[in-house]
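This is what each chain is made of:
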Amino acid sequence: MQVFTDSSPAGSQGSRTPAGDPPADRLLAVAAGREVAAEVHDRVLAETPVLEIDRFNLWYGSKQALHAITMPVPHNKVTALVGPSGCGKSTLLRSVNRLNDLVQNVRITGDMRLSGDSIYDPRMDVIELRKRMGMVFQKPNPFPMSIYENVVYALRIDGENSRAVLDEVCELSLRGAALWDEVKDRLHDSALGLSGGQQQRLCIARAIAAEPEVLLLDEPCSALDPIATGKVEDLIQELRGRYSVLIVTHNMQQASRTSDYTAFMYLGRLIEYGPTTEIFTKPILRETEAYVTGRFG
Amino acid sequence: MNSEQGRPPRRLRSAHSSLAAHGEPLVWLTGGALALAIAMISGLLAFIAVRGAATFWPVPLVELELADGRRVLGEVTGRERVAAVDGREAFGRTLLKTATFEVTGNHYEWFDDPRVARIVQPEWATAVERLEGGRFHGLPLRLVHGDKTVAEGAELAWREFERIQPAVRRRVREAVRIDRHDRGVLQRQLRAARLGVVQADLRSGRDSVAYGAAVREEQAVTARVHERSALLDAETTQLRGENAGWGFEFEAAGGETRVIPLEQIVRAWQPNRLSTMGKLGVYLGRWWEFLTDDPREANSAGGVFPAIWGTVAMTLIMALLVAPFGMLAALYLREYASRGPVTTAVRIAINNLAGVPSIVYGAFGLGFFCYVFGAGIDEVFFRSALVADNQPTFGTGGLLWASLTLALLTLPVVIVATEEALSAVPNSMREGSYACGAGKWQTIRRIVLPRALPGIMTGLILAMARGAGEVAPLMLVGVKKLALDLPIDGTFPFVHPEREFMHLAYLIYDVGFQSPNSQAAQPMVFTITFLLVAIIALLNVAAIWLRSRLKRRYVMQQF
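So the protein lines, in turn, are chains R and U. Following this note's numbering, the numbering of the first sequence begins with 1 at its first residue and continues without gaps. Following this note's numbering, the numbering of the second sequence begins with 1 at its first residue and continues without gaps.
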């Protein structure tokens, strides 16, 4: 481990290089607007991707929020997106299921592919696309209806009305979200009566009810207390291997505990992307190390 | 504490030096404003409630004997003091409701205290409410039938009267029901047959088979109606015959005697003899009549049932019309329309609509709904009535057009409230729904609308309260001084939204300011106002109850 002797001076966004090293700071270069190639570990590239992000740029009005992001998201693995606030993690996540379409003045170039299908193809039906993904948000957002109806919402809007199918999906999803035992006796009570942690697990159950190809988690624990956070993290561990998960998080411990791969982003650019163990113990870039060890950001 | 540093501690300014910092004046200011508002509103409501509820309470009848020997009998309805002027001393005076117009020539009269020699409360003093001619005050003498005296003396006559009166009253009501209802049905049958002939003429000409059939049908109907009419005549003649001859002779306060036919008496009571329970009985009986009967004597007596019916029906129809319109418009404005100068302009225009004087809506309703829309309907569906009687059906004011006009009037309220409610639905819910693969409309129907429903109900409650109390536009589009035919009855097609109707708020104006004897009608005005406020409150309570149920179901939050 390298030792940093001083904290960053006020006003500078980059980290100080350790004494004696040449000032080859990629973060400063990024802040200055220069193009910087991402360091992507070979083991990531060796995985089968479920989602491929291909030179993806995004602008809010005239402000560019994502710069040529290229990253494969491995199949049935948990991939964490980390980086300081405003670095574009959530924007990238919301671009995957095209929720950014709802925001005015958004412009994109590049593409993403879900199991080989172009997401931004003009012929792509956005509603069909979203049905192939599940998403969980920062704040639990259960719908104003019963627990049961919340879970089977995706099926309902798809026109599924068979009681047997709905019952089965409801139980499977709630079991999958480790919530079944807590709510099985009150499935038809309002979902708004659940605690915050339960609500978030309900949202996860809702997201996996339609057997999504990718599960998108946008800081799912940021509004929860430590115990509820622990439960949701355990749940993510259990989803590992069964679902392809893309999770945005601010919490380094959470990323290191729950994910197989970690991508570090900064100011709309992918900086380093590799197996979580390597990112957290011996990253290629000092900047990554500085961030994941909490010395910057 | 800081003494060792050689510096005196910094003195805080006195806590009393700045009231503004404590904020107490503001607490008083805001609290005072609220208290004033509550005091004004509750004062108004209490005034209306007390005056309105007191109208039907039987007040003692007092007899004043004046210095000149004249005697008057009446209810004390007011006292005041007349100030001393030019050496004359101050004195009090009493306002007496003397009624008995045919004897006293007055309904109300002031009596100066110095002129009054004696005040007594005669035990048998009787107040009689009549079908025509207003209230009568007098002392009972005898009950007569034709030339025969049935019961002599106040006590016997009164006992006999109480025995006979219910049957007499029942026969009077039955005769009125036959005249108004059964004969009305016959009239409508005749008219329908007559219009059928005109219709056949217009459609196929006079030589056609259909015309011949219609003429034969009319003849048949006419014959049937005449037959039935004769039966009804016999029935009413019998009913009236049984009542005829019965009379109650009274001595009015001046000593004059009058015989009041029993069929003319709606109700009589002797307030000076009544126990509290008896008074309560009279009180409730008069309320019951007020709520369930048709009006009498230019609306200044009797009941207001048609007006209650009209007010409630109009308000509910208005709510049914305005709710979907307003909700759809607000949905488009908030959920679909892209934000830009046009949307902003539309929003400002809607807010401004709420400030347009209601009479303008009335004029618009008359000009558009009645004269354009209604006339068009008449032209297509009711041409025969137009040709034969020169009488519009939908082309004039009516319940439907009045409800539509008020729906238009309250539309801005509903749109604005719905928009507020929609924008209060958290965006995270919409996004959650989209992320599940729901389309826009699915999201609105399943997530946004249920969640916004309580807020939308609030808007609807405000709209109903505003609409139910509105008078000015209604005067143009269908409210009438007297309209006893309710818009729903037993004749085909059972619902008659084209009919004119009565309305409580208009009744207040009519009874209070258009009646020939506005002083006598004043208590009635308070009672009607009280009733209208109560009905609006009732409608609101119902809507609020519905809203709280919806809220429990959709918006309960645990945090």
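Because the hints were derived from the structure by calculation, they are not lab data. Heads up, a few of these hints could be off.
[Claimed, not checked] The calculated EDC-like cross-link candidates involving lysine to aspartate or glutamate, where the alpha carbons are at most 20 Å apart (straight line), are: (1) Lys481(U) / Asp293(U); (2) Lys551(U) / Asp189(R); (3) Lys440(U) / Glu168(R); (4) Lys440(U) / Glu149(R); (5) Lys440(U) / Glu52(R); (6) Lys282(R) / Asp42(R); (7) Lys440(U) / Asp111(R); (8) Lys440(U) / Glu289(U); (9) Lys184(R) / Asp158(R); (10) Lys551(U) / Glu149(R); (11) Lys63(R) / Asp111(R); (12) Lys184(R) / Glu168(R); (13) Lys551(U) / Glu420(U); (14) Lys440(U) / Asp167(R); (15) Lys279(U) / Glu263(U); (16) Lys139(R) / Glu289(U); (17) Lys279(U) / Glu162(U); (18) Lys231(R) / Glu213(R); (19) Lys440(U) / Asp101(R).
Here's how the hints hold up against the structure:
1. Lys481(U) / Asp293(U): At roughly 15 Å apart (the allowed maximum being 20 Å), Asp293(U) and Lys481(U) satisfy the hint.
2. Lys551(U) / Asp189(R): Between Lys551(U) and Asp189(R) the Cα gap is close to 14 Å, so the pair holds against 20 Å.
3. Lys440(U) / Glu168(R): Given that 20 Å is the threshold and the Cα spacing comes to 27 Å, the pair is violated.
4. Lys440(U) / Glu149(R): holds, 18 Å
5. Lys440(U) / Glu52(R): Violated, at about 28 Å.
6. Lys282(R) / Asp42(R): holds, 14 Å
7. Lys440(U) / Asp111(R): Not OK: Lys440(U) and Asp111(R) at ~24 Å, beyond 20 Å, violated.
8. Lys440(U) / Glu289(U): violated, 55 Å
9. Lys184(R) / Asp158(R): The hint is violated at about 24 Å.
10. Lys551(U) / Glu149(R): This hinted pair holds, its Cα atoms lying about 18 Å apart.
11. Lys63(R) / Asp111(R): holds, 19 Å
12. Lys184(R) / Glu168(R): Answer holds: Lys184(R) to Glu168(R) is near 12 Å, not above 20 Å.
13. Lys551(U) / Glu420(U): Distance ~16 Å between Lys551(U) and Glu420(U) Cα, so the pair holds.
14. Lys440(U) / Asp167(R): Roughly 26 Å between the alpha carbons, so the hint for Lys440(U) and Asp167(R) is violated.
15. Lys279(U) / Glu263(U): Since the Cα atoms of Lys279(U) and Glu263(U) sit roughly 23 Å apart, the hinted pair is violated (cutoff 20 Å).
16. Lys139(R) / Glu289(U): This hinted pair is violated, its Cα atoms lying about 61 Å apart.
17. Lys279(U) / Glu162(U): holds, 16 Å
18. Lys231(R) / Glu213(R): violated, 23 Å
19. Lys440(U) / Asp101(R): Measuring from Cα to Cα gives roughly 13 Å; hence the hint holds.
Of the numbered hints listed earlier, those contradicted by the structure are 3, 5, 7, 8, 9, 14, 15, 16 and 18.
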